[in-house]
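Asks: Chains X and F, in that order, are what the protein sequence lines are.
The first sequence begins at 1 in this note's numbering and counts up one residue at a time.
The second sequence begins at 1 in this note's numbering and counts up one residue at a time.
No wet-lab data here; the hints were simulated from the structure.
Errors might be hidden in some of the hints.
Unchecked claim - Computed footprint of chain F on chain X; a stretch qualifies when at least three of its residues, placed anywhere within it, have a C-beta under 8 Å from a C-beta of chain F:
| id | region |
| --- | --- |
| 1 | 169–181 |
| 2 | 287–295 |
| 3 | 364–378 |
| 4 | 501–507 |
| 5 | 514–526 |
Every residue, glycine too, gets a C-beta built ideally from N, C-alpha and C.
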Amino acid sequence: MSPMRSQNQSAARRIAGRLAACAAFLCVPLIGSLSLAEEPAPTEPQAAGAPPQLRRLTESQYRATIADIFGPDMPIVGRFEHGLRAEGLLAVGTSQAGISAFSIEQYDASARGIAAEVVSEKRREQLVPCRPRSENRFDPACAKQFVQHYGPILFRRPLSGEEVKRYVRTAEAAQQRLGDFYQGLQYALAGMLVSPDFLVRIEQVVPDPKQRGQYRLDPYAKATRLSYFLTNSTPDAELLRAAGAGELDTDAGLAQQADRLIASPQFERAVRAFFEDMLEFDTFGELAKDPVIYPAFNSTVALDAEEQTMRTIVALLVTQQGDYRDLFTTRGTYLTRALGTVYRLPVATRNGWESAQYPTASGREGILTNISFLAFYSHPGRSSSTLRGKAIRQVFLCQAIPDPPNNVDFSVVQDSSNTAMPTARIRLEAHRTSPACAGCHRLMDPLGLTLENFDGVGAFRAQENGAPIDASGTFDGKEFQGAQGLGQAIHDSPQTPRCLVDKMYRSAAGRKATPDERPYVDYLNQTFNADSYRVPDLMRAIAVSRSFYAISPPVTDVNTPKRAAVQTRDGDRS
Amino acid sequence: MKKFDRRTVLKGAFGGAAIGVALPFLDVFLNNNGQALAATGQRLPVRFGTWIWGCGHIPERWIPTETGTDYDLPPDLEPLAPYKSQLAIFSGYDVKLDGVANKPHITGCLGLRTGIPVPNESVRAPTIDVLIGEAISTGSRFRSIEVSTSGIDRSYSFRAAGSANPSEISPVKLYQRIFGEGFQDPNAATFKPDPRTMARQSVLSAVAEDRQRLMRSVGADDRRRLEEYFTSIRHLEDQLALQLQPPARVENFTKPDAPPNTPMDSEVSNVMVTHKLMAGLLAKALQCNQTKVINVLLSDTTSNLRRAGSSTTHHTLTHEEPVNPQLGYQEQVGWFAQQSMVAWKDFLDALSGIHEGDGTLLDNCLIFAHSDCSIAKAHAVEGIPMMVAGRAGGRIRTGFHLAGRADPATRVGLTLQQAMGLQVAKWGVQSMETNRTITELMA
């Protein structure tokens, strides 16, 4: 026997040993408590507080901010690094992610593009607040006015005298090199646009006058939290004014600003951004289907599918002020012709959207029967009950499903051309009877299998490989039939609104709720329930609460990482 | 008397705005790192790269039966026959878990790239390409370039947890990034320094002025993240400084044409085209000193490769395909495993197709190829297949197969760092810690 062969065998033995160890490991579901304390009049508990945050702007926040400051038609030429997803949300990843050299290159390209547009002959009349005495000579007064105009709205706070001088100097230096006043302004603005004060929300704290030794958020940091939460964008002039006037430090002043922002057209953008994040649509662009198996799927269908779900969400939750849980049962939807080909529904409108109802006979009800869910949680060439079931648990119920064990022979399970096992249900049965698999698949498959009437792109089918599909399922001990039964079951689960509350708060705060904040999260759940599960009311409850802004006592040792736990958290890049 | 140097020439040039200045190829015009002019007989820079393919191998079709220089090429290594003498094959080296949960397709890959197995993507140390990049990337335009060729935006190059270096997935965008705005043709007849570049420099130094104040105002963990921001700003400043210097001439270099638009997805024939295009662009980028570090992800570690018309992917097949009783292995998985090696050969073709000095670009590179597991079906991290190609400018020897006999995979990573000139005596933690250089690899 050659030494090599014996080495191969010993490696095989070592692997086999590990496999046996893994087979003994049973997946343990991590399901949170479903108990919901009932209290008649929810009141906010004592605020627990957390350290101040340092959060990168997300791509959608960057875009919204630029649009709000310079106009919606301002081009952004740079590209964006894929966001970091943590605790299920990119919004949480923003308080953990670094900034790569690639991102700085791209931010710089965007900054230079925007700055050049702002001072261009086409736009300067509108966007440059003063005229220089001469374009060939430096005009310090106008430069200062320009810096003082854009500085505070870009940095979300007033600039210090030193900062104003620095950017005026930058303008002067650029003019000296390039000879033109507007080019000087252009470079000063480009500098502000790549500054960390713009790209990163760096929260500052000030001593709390009401409690000695305690700190509270600086009013501008408070305005910034409020604004990005309720508009997904930078504080507007009125909010900055209110911050400067100390109005955000009173409950009434804060509520007044929150109500103003919720009533503004920008509020819808925040709701969209939250759900795009929760539904993990940031990777929707990578969705690919095998063109031989699914010829009807193309990039137009993909784009429209994403937008269909967002329109449904905004219409139900914002326009109609509806019950969040109805997202899982509503037959109301929006269609384009491209979508009509997959849904097999007639669409009269030639270009664009029309509101529609899923017919009862379509088997569809709620956003889980949209292409955006069915195709997104499928393989390129077939549907996946497991991926769908896992997504329902993780995305909508906040229940973690562990990774599969290391030793699994799926070969019988999922060979979709296996004629002895024509349907996914029969194939998956093997999973559920194997002890190593059953723990988790028991959680995923009974949910996912109820969507088997929809193939890998979400088109309806009654049969798979010639055999009729059995779409019955169970959830929380209740039996139901098909996608419509599934939607109703998710609608009725007490975990569904609790999960939304959890994710909404994570998104707002940029982190998971701390154990000390459990009473506060319970309070939000009671409020959400009392408000008939209206999402805008939940967002208002967070926005006007003291807990949302509270700062924990400072860490005494400055060298101690204030968020040491970050290193041990899951960091899933999406 | 004032020294006649590059800067005095440039000052003159700026005095008259952007006038084209024809610069003679004198030694005085070399960049300070000075090793780029092969035509003058000077030393060429040594570059480093990693090349990852997903879902491991079929051991009996990949591991040579013989060790040493007379090793044989089993069927899945057969495509690499032309490079047999330029490859070192490492079998039987393990990622030691020390009780850390094995996250399928992640723990093995990041364990051998950082020396520390982790149960998720929160790395506890920078990946090896970043460690090497920090040592050798000074003076090049990009500190590293990452690509992913199967349509998926993934990267296994990490500076820290939460700080990945993102991959380019489009050849067109890769081309624009390297050869678009800001690229200076090293062999252009004239050099025109752009006064706008100097204006941009002063912008960045104004931004960096605030570093101290900001650092003081945040906690330690956020300080690390802000420091990363300022490091990235410094890299941009370095890029601009380079643009104000005439680039060192590069022999045999012509700027490549823009690549065509290609379908960016995971179907193998599309991936092969995308990968070849990107390999060609990266080779050109290395040749003309745009970067010294590259990272290529052929397929995700949970391999997303698929065949047209098939309902399954490479990864799902590893778990689902029955073993063919006649062949004794999973036939379709074998096909994907071999295609991965064909792509690896394409990559080596791109590097060795460029003449440099007395040999080829590949001779001045050190490329580390590896997967995320050995037997994908079991997510086994024992015996993860690894290969080293190139000569690192004569610093390493290749042309052999070495059996690791359950040694930690970090021995390879440690040796590569040492070959690239890093002063490092040991690497890895717990069972992965090693101070044992693979002497067979060192020239």
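Asks: Please go over all the hints and tell whether each is borne out by the structure.
Replies: These are the hints, each one checked on the structure:
For the region 169–181 of chain X, the assignment as covered by chain F holds, since 6 residues bring a beta-carbon within under 8 Å of that chain's beta-carbons and 3 suffice. Coverage of the region 287–295 of chain X by chain F holds in this model, with 5 residues showing a Cβ closer than 8 Å to a Cβ of that chain against a need of three. Coverage of a stretch by a chain is defined here by at least three residues with a beta carbon nearer than 8 Å to that chain's beta carbons; for the region 364–378 of chain X and chain F the count is 0, and the condition is violated. For the region 501–507 of chain X, the stated coverage by chain F is not satisfied: 0 residues place a CB nearer than 8 Å to a CB of that chain, which falls below the threshold of 3.
Chain F is given as covering the region 514–526 of chain X, and this is violated because 0 residues of the stretch bring a CB closer than 8 Å to a CB of that chain, at least three being needed.
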